[in-house]
Each structure stands twice: as C-alpha cells, then as structure tokens.
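**Student:** Sequential numbering of the sequence shown, starting at 1, is according to the numbering used here.
Hints are supplied without guarantee of correctness; some may be wrong.
Quick list of the computed label-pair ranges, beta carbon to beta carbon [to be verified]: (1) Cys281 <-> Asp248: 38 to 44 Å; (2) Thr139 <-> Pro170: 23 to 29 Å; (3) His350 <-> Tyr164: 39 to 45 Å; (4) Tyr388 <-> Ser277: 33 to 39 Å; (5) Asp167 <-> Met361: 14 to 20 Å; (6) Glu161 <-> Cys208: 27 to 33 Å; (7) Thr365 <-> Asn149: 34 to 40 Å.
Hint data in this document are derived by calculation from the structure and do not stem from the laboratory.
Quick reminder that beta carbons are idealized off the backbone N, C-alpha and C, glycines included.
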Amino acid sequence: MQPNISVQRHSLEQHPTMKTKATILIAFFNLLQCSFMSSQACIDSTLINSETGCLTVWDPVCGCDGVTYGNECQATNYGGVTSWTPGVCNSSCMDMSGLDFGMCDMFLGYTWMSGTCVATSGCGYVIGNIDFSPNFYATALQCQQNCGNLLTDCVNNWQIEQGYLVDCAPTNDPVCGCNGIEYSNSCMAFYYGGVTNYTNGPCSENGCRRIPNMIEFGECAMPLGWALREGSCVMTSGCSYVGQNGYDYNDFFFTSEQNCLGACNIATCVDSSLINSDVLCPAVFDPVCGCNGITYSNSCEATNYGGVTSYASGPCITSIQEAEEKTGAIYPNPFSETFRLSVLESEFTHAVIYDMTGRVMAHITGNALTQPIDGSSWESGVYVIHLYNGLNPIQHFSILKN
C-alpha cells in the first residue's frame, strides 16, 4: 500500500500564509548567515600591523567595513580590511548641532557639527530612546574622512594630530588662516590650527594664499607649477596637486614665476643668472637664511649655488622650536634626505638621535659630524638629537623629517 501524502499536500495548500512565512524565515536566516560570514571575512586581524610605516599619501579607499582609509596600505595594515573600493565612502553624517548629551565630563568622541568635527563630552550616547553612538568617531581624522571633504576643507585634523609632536617656535610672524583666524606664525597655523592654507600678515590685510612648507606632493618629478611657499614663489614638482594632508592645492599654482610674483606682489627672490656652480665656495659654516626660506652654509653658497638675491645672518627659523642656548646648529631643518649638525662647543663628545618612541636611530661621535647624517630611510616625523659630554647631557634639538 502506498502512503497517503495527499492530506499533507492539501494541508499546505490550504495554508499558503504558513508556507510563505516558512519561506521568509528560511531566507532571513540565510541572510543573517551570509551577513555574518561577510563581516567576518571583511576584517582579518592577522593583517593588522601598527608598526608598518604607511606613506601619508592621500589616495582614499572605502573599506568593506564602511570606513574611509587614507590609502590601501592604511586599510590593510591599520584596519585589517580584506577588500576596498577606490575613493571615500559615501556618507550621510548627521549634523549633531543642538543635541544635549548631558553635563557629564565623559569624552564621547568626535562628531559632525555645523560642517566640522567637534570633540564632544556628555553622560552617554542615548537621548530619549535614540542611540546616537554610530555618529561618533574615535579620532577627529576618522570623523573628517567620513563626514567632511579633505580635498576642500579649510581645517584638516590630520595636521592637528601631527602637531602633538611639534613644538612651534613662539615667533611673531602673523598669518591669516583660511578660517579667518589669525595665528602668530605659519607653524602654529598649520599644526595647532590645522588650517590647510593662509595668507601672509594679519587678517586685517589682504594677502596671497600660500602653501605651507610642510606640504609635500610626492616624489614624482612632474612639474606642478609655481606657487607661493614660505615667502617666495617656488617651482614645485610632485605626483598630483593633492598634498599629504588630502587637500587639493590646484588653484594655488601659477604657470610662470612672473605670474606668481605679480599676483602675490612680491619681489624676485631667486635670480637664476646669479647661479654659477663653477664658483668654489669655502667649506665654512657661517649660515644665512635665504629669502626663499632655505638655510645655506654661507653667503657664497646662497648667492652662487642658490641664486638668492637677499639673505639674513643665521639659519632660517624652522617649524621646530630650537633650544635657546645654541650649543650647535642643525641644517637644513626640516630635511628630506641628509642633514648636518654643527657643534660650536669643544666639550661635546657624541650625539644620540631618537625617534618619538625612544628608539635609537643613530649614534654619532664628534669626528663623524663633519659628514652629512643620512636620514633618508627614516619615516616622516619629529626626531630628537641629544648632545653629550661623556655621560652628561649638554643640549637637545628637535628636527623634522619631511
């Protein structure tokens, strides 16, 4: 006898709603499983290596976790993501202006308020029955990457984070930031205010926008044009018009030095007709600061090798605050490949160079200081040089690697 299954078939057909619910339930669980497996596959913790020195080049990618990373290296080594797409993640950041998270001092994170990322404190993320925690970020840079536009934002939080390691000199050479705030000098504007561009002089004066000397455009040899840097119009090369801070400086460049000088109303600083590499300048360290913001070993090199039309005695004031009592001098500072340390006091015996984590980068004896110190393999950032007389520390300097 064959089993009678007609009743069971008829029963299902009599209850289409039950059949539909079962189908939906199975599909739902399959979706949850796929979503779980996808999220697991997106982040691979074994890829995370915080010691990897990723370049600070802004070539954004959107990770599979929905987070924007500065470049592919940062996505892999800092985020551990296994896949990404070119460009920033599409975001619809909520403007949190006007929301009150309570009078507590607990730091909640950075959130988007009135077109900028703001550090916010409060008692918790929940107001009423709404949880606002997805709108907060651990760092200002993460907030800006996901909610702002690094290509056009006036204030860049990456610069501010870098500024925690920089000691700006208290010199009075005012600049007016693109945010309308006046800063004592360009170093404070760039690192403490985070402004991507500024004009010379107080905000009450109208000036020509200049690109900070700290900005790099990559190691490519492609000519970008003439631009006002720290005090003069300079021919600049690079890989693109986007600096390592992610800002687009395309509108800051001119097609010729004459156009730059005319637009910015400044006198010619570098006269190429003065440059004569056949002149043998003496190997004497009597530093001068050229009108182009570059330190030369002496006036002969400034004129014949640099072609500068004017200079001032002493090394240029750098973005790093140097010690008041000058036992020695560092030049150039900031540097890209090599630098020199000139010691002025005879009791100096050796120097030790550290990075900001305390790792020893170089140990130099007095006899080796007549040669350039090679820092080409070092990562960009701030380094500290300690001068010693035996076991006694004499002086320390800070130096910036571009």
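**Student:** Run every hint past the structure and note whether it holds.
**Tutor:** Here's how the hints hold up against the structure:
For the hinted restraint 38 to 44 Å between Cys281 and Asp248, the CB-CB distance of approximately 40 Å keeps it satisfied. Distance hint check for Thr139 and Pro170: the Cβ-Cβ separation is about 28 Å, which falls inside the suggested range of 23 to 29 Å. Hint check: His350 to Tyr164, Cβ distance near 29 Å, so the stated range 39 to 45 Å is violated. Against the hinted window of 33 to 39 Å, the Cβ-Cβ separation of Tyr388 and Ser277 comes to about 38 Å, which satisfies the hint.
The given range of 14 to 20 Å is respected by Asp167 and Met361, whose C-beta atoms sit roughly 19 Å from each other. In this structure the hint that Glu161 and Cys208 lie 27 to 33 Å apart at CB holds, the actual value being about 28 Å. A hinted range of 34 to 40 Å for the beta carbons of Thr365 and Asn149 is inconsistent with their spacing of about 50 Å.
In this structure, the hints that do not hold are numbers 3, 7, in rising order.
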